[in-house]
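Protein chains: 2
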Amino acid sequence: MSNKWLTPRLEDYSARYNELVEKADLAQPSEVRWCMVIKPYGFAIRENIKKYLDQMFKNTGHSNAYFPLFIPKSYLSKEADHVEWFAKECAVVTHHRLMNNPDGPGVVVDPSAKLEEELIVRPTSETVIWRTYKDWIQSHRDLPLLINQRANVVRREMRTRVFLRTAEFLRQEGHTAHATEKEAIEEAKLMHEVYDDLMRNFLAIYGVKWVKSESERFAGAEETYTIEAMMQDGKALQSCTSHYLGTNFWDAFDVKFRDEKNEEKSVYATSRWMSTRIMWALIMSHSDDKWLILPPAVAPIHIVIVPIYKKWEDDSKLDNFVMSKIIAPLINGKWTKVPISKLELSTNEYTTDELYQFWESENYNKWKMIIKNEEWVALWYASELKLKYDTSDKSPWRKFSERELKWVPLRIAVWFRDMENWIVEIARRDESEKHLVKIEELKSYVTDNLKDIQISLLKKSMDRIDKNSTEVNTRDEFIFAIDENKFVMAHRDGTTETEELIQQETKATIRCIPLDNKLEDWVCIKTGKPSKQRVLFAKAY
Amino acid sequence: MSNKWLTPRLEDYSARYNELVEKADLAQPSEVRWCMVIKPYGFAIRENIKKYLDQMFKNTGHSNAYFPLFIPKSYLSKEADHVEWFAKECAVVTHHRLMNNPDGPGVVVDPSAKLEEELIVRPTSETVIWRTYKDWIQSHRDLPLLINQRANVVRREMRTRVFLRTAEFLRQEGHTAHATEKEAIEEAKLMHEVYDDLMRNFLAIYGVKWVKSESERFAGAEETYTIEAMMQDGKALQSCTSHYLGTNFWDAFDVKFRDEKNEEKSVYATSRWMSTRIMWALIMSHSDDKWLILPPAVAPIHIVIVPIYKKWEDDSKLDNFVMSKIIAPLINGKWTKVPISKLELSTNEYTTDELYQFWESENYNKWKMIIKNEEWVALWYASELKLKYDTSDKSPWRKFSERELKWVPLRIAVWFRDMENWIVEIARRDESEKHLVKIEELKSYVTDNLKDIQISLLKKSMDRIDKNSTEVNTRDEFIFAIDENKFVMAHRDGTTETEELIQQETKATIRCIPLDNKLEDWVCIKTGKPSKQRVLFAKAY
Chain A
1 MSNKWLTPRL EDYSARYNEL VEKADLAQPS EVRWCMVIKP YGFAIRENIK KYLDQMFKNT
61 GHSNAYFPLF IPKSYLSKEA DHVEWFAKEC AVVTHHRLMN NPDGPGVVVD PSAKLEEELI
121 VRPTSETVIW RTYKDWIQSH RDLPLLINQR ANVVRREMRT RVFLRTAEFL RQEGHTAHAT
181 EKEAIEEAKL MHEVYDDLMR NFLAIYGVKW VKSESERFAG AEETYTIEAM MQDGKALQSC
241 TSHYLGTNFW DAFDVKFRDE KNEEKSVYAT SRWMSTRIMW ALIMSHSDDK WLILPPAVAP
301 IHIVIVPIYK KWEDDSKLDN FVMSKIIAPL INGKWTKVPI SKLELSTNEY TTDELYQFWE
361 SENYNKWKMI IKNEEWVALW YASELKLKYD TSDKSPWRKF SERELKWVPL RIAVWFRDME
421 NWIVEIARRD ESEKHLVKIE ELKSYVTDNL KDIQISLLKK SMDRIDKNST EVNTRDEFIF
481 AIDENKFVMA HRDGTTETEE LIQQETKATI RCIPLDNKLE DWVCIKTGKP SKQRVLFAKA
541 Y
Chain B
1 MSNKWLTPRL EDYSARYNEL VEKADLAQPS EVRWCMVIKP YGFAIRENIK KYLDQMFKNT
61 GHSNAYFPLF IPKSYLSKEA DHVEWFAKEC AVVTHHRLMN NPDGPGVVVD PSAKLEEELI
121 VRPTSETVIW RTYKDWIQSH RDLPLLINQR ANVVRREMRT RVFLRTAEFL RQEGHTAHAT
181 EKEAIEEAKL MHEVYDDLMR NFLAIYGVKW VKSESERFAG AEETYTIEAM MQDGKALQSC
241 TSHYLGTNFW DAFDVKFRDE KNEEKSVYAT SRWMSTRIMW ALIMSHSDDK WLILPPAVAP
301 IHIVIVPIYK KWEDDSKLDN FVMSKIIAPL INGKWTKVPI SKLELSTNEY TTDELYQFWE
361 SENYNKWKMI IKNEEWVALW YASELKLKYD TSDKSPWRKF SERELKWVPL RIAVWFRDME
421 NWIVEIARRD ESEKHLVKIE ELKSYVTDNL KDIQISLLKK SMDRIDKNST EVNTRDEFIF
481 AIDENKFVMA HRDGTTETEE LIQQETKATI RCIPLDNKLE DWVCIKTGKP SKQRVLFAKA
541 Y
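Those sequence lines, one after another, are chains A and B. Position 255 of the first sequence, counting from 1, maps to 255 under my numbering, and the rest follow consecutively. Position 137 of the second sequence, counting from 1, maps to 137 under my numbering, and the rest follow consecutively.
Next comes chain A alone, as it looks inside the complex (with noise of 0.2 Å):
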C-alpha cells in the first residue's frame, strides 16, 4: 500500500523527512530566523526520551543543575581552540535596552544602553560550567563532580533544517570533574554506553561505537565516543558524543584540587550531549515509504481504540465494553483524567466503578467539554501503556488514518457485533492484515505485539549496517563502495591532510576508529604508505 501524501523515501530522502515532519505535526520552521518550533506531538517524543536518559544519568550517580544562558565574550577567548570553534558564529547580545523610535513608529535599540563586555548566548556551556566549578571544587573530598544539564544552546546555522540543524537547539549537557585519569576516561565510556543503551532498546537504533579520529575530536577533548547511526540512504549519523577532555581546558580556568596528601592537582574532566538531533535520526531511521514510524518504546501513544457506533445502536452499551472489558484490564485498573474541580486534581487515580459513576454523571458533559476531540485518556503506569479511546464524532475512517500518519502501533476496532462475542479487531501497524483477539488475550496480545515491534525496528536497524558495510584494500574499491553510500572500513596512513584529500575526492570522512579491531600490516588507499588498523569511512549528515 503506497502513501499518495508522501514522496518515495529514495526519490527525495528530504523532501520526505520534510513532509513527515510536517504531516505527523512534529515541527515546523518557525518564522524567527534560524528557530524551530517543536510541536506537542514531537515534544511528547521527545519527553519520553527526556525521561528514560534523565534516569539513565541518575542511575549512574548524576544529579541536574542549572547554569546560566550568557557566556562573557571574555570567558570564550580562555581556551584557544573553543573560541575557534565557537565564537565565530554565534548571537551576540550588545544592548540592554530598546527604546521608542525618535524618528518614527516602533521601538530602535537604544545606543546609551550599550553593555560594557559583550554577551554570547551559549553555544555550548564548558566556560560558564567551569567557571563555576572553580567555586566548588577545592579538595579531594569535592570529587568526583557529576552534573547533567538540559538547556537551550544557539549556534548559528546558515541552512537549517528541522531537528537537524536549527541555531537554537535542546539538549542534554554532563560536565564531570575527575581526580584522576583513570576515572574520567571510566566515566566517559560509562557514557558512551548509557548513551547506546538508550539508542539501542529504546530508539531501536544500532550505531557503531567506536572513537573520532583527531580532526573529527570536539574542539578540546583527547578522545571523541561516537555512536554512528546509518540512515536509509546509507549515510552515517553522529548521533551523540561522549568526551575525555584531559586537563588543559580546565587548567585554563584554574581549577585544581587539593589531594590527600595536601598537594594541589589539576582535575580531569569529561562532557557529553544528546540534542533534539536525535529527534532527527529517530524519524529517518524508522520510517518508511508509508509514513512515520516510531519504537513503541518512545511513541506517545500506544493503542488508539475506535468505537465504530451506528445510528440505531446504543453508543453508552458499547462505550461501557470498552470501559469495563478492554481499557480496564488493560490498565489495571488505574486511571487518569481530566478533573472537574480542584478537589479532584490531586488524586488522579480512580477504580473502575467510580469512574463509571462518573461517566454516568451529569459532570460527564462538562469534563468532555475540557479535551479536545473528546479522547479518553488512560496511563498504565506501571508499563506505561498508553491507550487514546477516541469517541469523537469524525468517522471512524478519519480517526484510523490519522493515527496511521502518527503511528500509533496498535489500534482496536470495537463492533457491536464483535461485542456480543467478546472479541475486538486489532491492527499492527506494521502490518496489513487484521486480527480478531478474544477478550481474555487481549493483555498479552498486546504486551506481545508491542515488545515485538520494538525489537524488530533495531533489528532493521542492525541489519541495515550489517548488509550495508564492507571491507576493501584498494582505492578503486573505496570510490566504488562509496558511492554505492556503503559503511566502508579502509585503511589510511593517519595523518590529517589524506583524511582531507579522501574528502575532497569521494565526501566520505573518517566516521569512527575501532576501539579494538585487530591490527593487520596493510597500505593507505590514498597514499599507500603503511598502514596498521582499519577505520570507518562513510558519507555523513
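Since the hints were made in silico from the structure, they are not lab data. Incorrect hints may have been included.
Identical copies carry no separate label here, and so any pair may be met within one copy or between two of them.
[Said to hold, decoys possible] With a Cα cut of at most 30 Å, we get these calculated DSS-like pairs of lysine-lysine:
{"no.": "1", "residue 1": "459", "residue 2": "443"}
{"no.": "2", "residue 1": "311", "residue 2": "434"}
{"no.": "3", "residue 1": "256", "residue 2": "394"}
{"no.": "4", "residue 1": "209", "residue 2": "317"}
{"no.": "5", "residue 1": "311", "residue 2": "189"}
Only a predicted model underlies this, so the values are computations on that prediction, with no experimental measurement involved.
On the provided structure of chain A, position chain B as indicated by the hints.
For chain B alone, coordinates are given in the frame of chain A:
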C-alpha cells in the same frame, strides 16, 4: 536550640535568606551579570515541583511544546501594552559573529555581521507563540488549543537576588486559545485552582486566591487571577498568576477562526506562569531561625539513615541489618542502584536478594567508586519515598549536621545495641527529641510522620495569614495595620490615582480583590469617596 551560623530571621530577613540559600547548597549568584546558578540540591526541589505541576497540566488536557528563544523586534511592537512592559529592559542580540581582535588579543564583535532585524531574548513568549498559533488555528475544530512550555526567559533586573529576582529565570508558561469568552475564563479559573492545589498540597503554602486590581494586572490582561502568600515578615509574595486575555492581543496578530457556520470569529486567550520565584516563596515561607525547612512532598531526600560504626564491631553485619530490616521493607524491595555494566542500565529494579549478591560480590567496590560519598540511593517508586543510606567515612555527627542544614525530614541512627533489639532511633527534623521505634512499626511510623510534617507546615502557613490579617475602617487604622506588616482588608474608591497615593504614603499596594465577598456601603480610607467592597492591601516583595 539556636544556630550560630544563621542570622535570626526577624533581625535581617534578607541576610538570613542569602545564608540559607548558600549553606543549604540551593543556588548561587553567577559571575555572569544578572544570572544565577541553580545547584543540584536546589534543582532537585525544583524538579519535584515541576513533576507535580506538569502532571496537573496533563490531567487538565494540556500538552507541552517548545517555541523560539528569540523574538524579532517587530513582534514586540505589535501590541502597545506589551511593548511598554517588555521592550524597555531586555537582552538585545544585534550581531551574529565575533572575530579576532585586529588591534590586540581576544575577540571582538564583527561589525560586518550586523543582523537585519535585532532579536530580543524572550522576556515572555506571547508574541512568538501567537504568531505560530495563527498557522495552527483555522477552524473551530482546532480549538481549544491548550499548550504549556518550559522555558528560560530574560528580563534585565538591576538588583538581582537568587530565585526572587534574576535576569534569566526558568518558568513554565501556558498559552491557550478558545472559541468563546466563557470557556477562556473557565480555563483561567481552572489554572488558578491548579496553582492553588500545588501550593497547598505540595508546597504547604496557603495563599489568598483572588484577582488583581486593574493597575496590577499583566499587560494586556482583562483579568489576572493571583495567589498572594504571606512571608514570615508579613509581606505578600505574588506566587503565580493566571490571566484571561480577551481578544485584543490576538487580533493584533490577526488570529481568527471559522465557527460551525463558517463565520470568522476572534479567538479568546489565556496565559499563566509559575517561575523559579516559587523557590523563594518555599524557602522563606517555612524556614525558621535554625535552618531550611522543606515540605516532605518536595524534599529531595525524606530519610537519611546513618550507621554508627564502631571499630571493634563488624560493619557488614550492621549494613545487612539496615538493608534487610530497614530499607527493604520501606521501599517494598524495589531498588535503584548505580550500574556497573551496560547490561544493568535498562533494568534498574532489583530484588533484595539480588542486591545482597551484589553487595557481597567483588563488583561492590567498583560501584562504590562511582557515587560520591558512597551513599546508597533507593527509591520507593509507589509513594516516592526517597532514602539515603550514608555509609561514608565522615563522623556520624557530621552526617547529622549536614543533613540538618539541608532539611531531611527524618533521620534514622542505627546502633549495634539497637540492632540486637530490633529497634531503631528516629528523629524528626522539626522536633528535638529522639524516638525508639520497633522495626515492625517503622513503615507506618515513617509514613505517618512525613504526612504529619507536611500538614503541620500547611497549618502554620494558614495560621500566619489568619493571625496577621485584619479589617480596618479608617485611614489611621489602615496606617497602623500596614506598619505592623498585616494583610489589611479596607475600602478604597477604585481609582488608580488613589491606589498610587496610598502606595506613596504607606508602601502598601492592592494585592488582590475578593471574587465573592459581600458588598457593603462604606467610604474610601484615603479619599472618603463611596466604596462597595473591601480589597486586600499589603506590602509586597
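Checked hints:
1. Proximity of residue 459 to residue 443 under the C-alpha cut-off of 30 Å is restricted to the intra-copy arrangement: shortest distance 24 Å within a copy versus 46 Å between copies.
2. For a Cα distance limit of 30 Å, the shortest separation of residue 311 from residue 434 inside one copy, 25 Å, qualifies, whereas the shortest one across copies, 69 Å, does not.
3. Taking the shortest alpha-carbon separations for residue 256 and residue 394, only the inter-copy value of 23 Å comes in at or below 30 Å, while the best intra-copy value is 65 Å.
4. When the C-alpha separation of residue 209 and residue 317 is checked against a cutoff of 30 Å, the pair qualifies neither within a copy, at 54 Å, nor between copies, at 42 Å.
5. For the identical chains of this complex, residue 311 and residue 189 are neighbours neither inside a copy (62 Å) nor across copies (37 Å), given an alpha-carbon limit of 30 Å.
Hint check: violations occur at hints 4, 5; the rest are consistent with the structure.
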